[in-house]
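Engineer: What follows is each chain in one-letter form.
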Amino acid sequence: MRFHGRGGHGIKTASRIVGTAAFLAGYEVQDSPIYGAERRGAPVTAFTRIASSAILERGVITQPDLIICGDETLLESPASGVLNGVEQAAALFINTRNLEAIRAQGKLHVRMVALDITQRTSDRIGKASALSVGLGAAAARLSGLISCEQLGEGVRTELEELGLDAPMIEKNLLLAQEVYAELETVTVEPRKFSATAVIHKMGYDHVLLGTPSILAPGNAEARQTGAWRVERPEIDYDSCTRCGLCFVHCPDGAIALDEQGYPVIDYDHCKGCLICLEQCPRHSIRSKKEVRSW
Amino acid sequence: MVRRMLTGNAAAAWGARLAQVEYVPAFPITPQTEIIESLATWFADGTLSGKFVTMDSEHSMVTAAGAAAATGVRTFTATSSQGLVYAMEALYTVSGWRVPFVLVNVSRGLSSPITLGPDHNDVLAARDAGFIQIHVETCQEVLDSVLMAFRIAEDVRVSLPTLVNLDGFFLSFTREPVEIPDAKLVQEFLPAFHPQHPVFSGSQSLAQGVAVLDGATYSYFRYQMHRALENALEVHEEVAEAFSRLFGRRYRALEEYGMADAEIVLVMAGSFATKGKAAVNRWREQGRKVGLLRLRMLRPQPAADIARSLIGRKAVGVIDQNISPGLGGILYQEVSGALASAGERVPVMRSFIGGLGGKDISQGEFDWVLEALDGAKPSDGPVPCQLLFTDAEYEQVRMALSIAGKSQGGTAS
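Those protein sequences? They're chains S and W, same order as listed.
So for the first sequence, our numbering puts the first residue at 1118; every next one is plus one.
So for the second sequence, our numbering puts the first residue at 71; every next one is plus one.
Since the hints were derived computationally from the structure, they do not count as laboratory data.
Given the structure is predicted, the values throughout are model-derived calculations rather than measurements.
Computed, partial: chain S to chain W, Cβ under 8 Å:
#1 Thr1137
#2 Val1177
#3 Val1315
#4 Ile1331
Computed beta-carbon distance windows for the label pairs:
#5 Val1381/S <-> Arg468/W: 29 to 39 Å
#6 Ile473/W <-> Asp1369/S: 11 to 21 Å
#7 Ile473/W <-> Gly1125/S: 21 to 31 Å
The beta carbon of each residue, even a glycine, is placed where N, CA and C say it ideally should be.
Working from the sequences, and respecting the hints, build out all of it.
Structural biologist: What follows is the structure, given as structure tokens:
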């Protein structure tokens, strides 16, 4: 199974909760996260393999049986890779309240399962972004390999390792039970590997191509770091005094001033750090959770 | 004995903990840092007693490790990639002191360009430094090998630093079920280090790091180091046997997988061998006689065993997760050399380079390799090394190049 979310969502922990639960249930297990030199809010992927005999694979999962997507906004971003191998997956789980809207787009030809994990997490533990337990519980239930009790053991083991106190662990256990009870197991069929790879015969390319240098100036613009945003700053222009503090403090230069001196946020590159919101002396910047459906 | 989910990094730290290391000089580098973080925690909370010291660089760190080991203290340290090559001068220096300690390297591709993913050019750059080198495949093997490494390193027939190599990400950040051996049994396997020869101490006069300005004396000491490394093969066998008696897991310098009747053989090192084993199983299900030879001990090289294992096979493909530019795969040369020194040859020997910078080797690529080996003939003549890299991956790279402002023909676009 492959988990997707953003740095800070607990995606690695979700993969470990299922991993530990399956291990305690007597399976062979392998779990691992993958992330680059990035940070909070950037897409994160984690993997859990569960088998009844030795696991002879490693690294990324290109043909997942289950895809667990913790953030529906990632569905829009090809670079996040949520949909890689989706055609053969037994199910795609999405943390959303907008499943019908996503379905109506007609873009995805896979069994889709949805539950609003964010809302349930917020209700149970008061912190909407801590998705690890809800997503782990969803994966455990969908897999059909893990009982509710074993899931609870996985949750307890992992959260204790992270140093959470007993009352918080109890709340998370209730959340895990709730999510587990609301979902049903999906059937996973064994599948064949893909065909022999087409190996490239690499020749010598001109030194300009074959050297890791960058010619195009300012091409970081092509990397739309706005996709990392969990919270979206919005400016109330009625109360904005054009003091320019948000413009000065934005660490990414994602706020410009227009001809009248009003700040304008470049949402393609704003990472949602909300330093502008903290700096605004008039509290003219508010934050909204990013929810975008297809 | 407890069996629980551990990453390769946690397994390495547990190995050092169970060995009751007394001195750890440390410097952080991804993907190794978790090892020294775990050890720092255990020194701070009293689980381990001794000294944990943060250093200014890997160069100082390896020198400090050697100096501590020269006092007879059980010493552990860890690094990766640029850290290992930054310490290169010190690696050669401390092995020349003939001091035993354990260095874990978490493999990561070398700059340039900078990457975080694993390959073996870092650890193989250190292959001539006089360290024993053990390359592991699983998280369990990480822990077990650290324990074995101390016992081999401290044996008076060897007395050399030992390097245990695990792959970044594919082991370092990957959890697998790992048996943590019982501490009492570990003490039986690996008692406290009491060197039989003089070490630095208050009452003992001793000079280390001395100069010899004539070639004969220099040759003598360097060749003694070679002999000590050769001894490590026999010592490894004894240590592996003792380990197996206590813990039930038997390790060999070479691991043979499906080799009994294999006609086509893949030779690999490190954690990607797991993927090679899957390919062997799939081909065997179709009745094809395929096997895998995993090079676990790189130094000393078990040359005679390599030759014995490969003689009589129809085709051998070495998949190197490294590249020596201008030569090709390093292990291909080493395996060919082992066969040549045994006076034998295999009809078809082919060299493949795969998994550079952690690039996946897909099952489709393994199929391509096995088909290439199956169809190869001795009369094909010299065949250069083949990079495992797909047409689709080339297209991805070309797209990145165009974003970087480069176009076909080498002009700015």
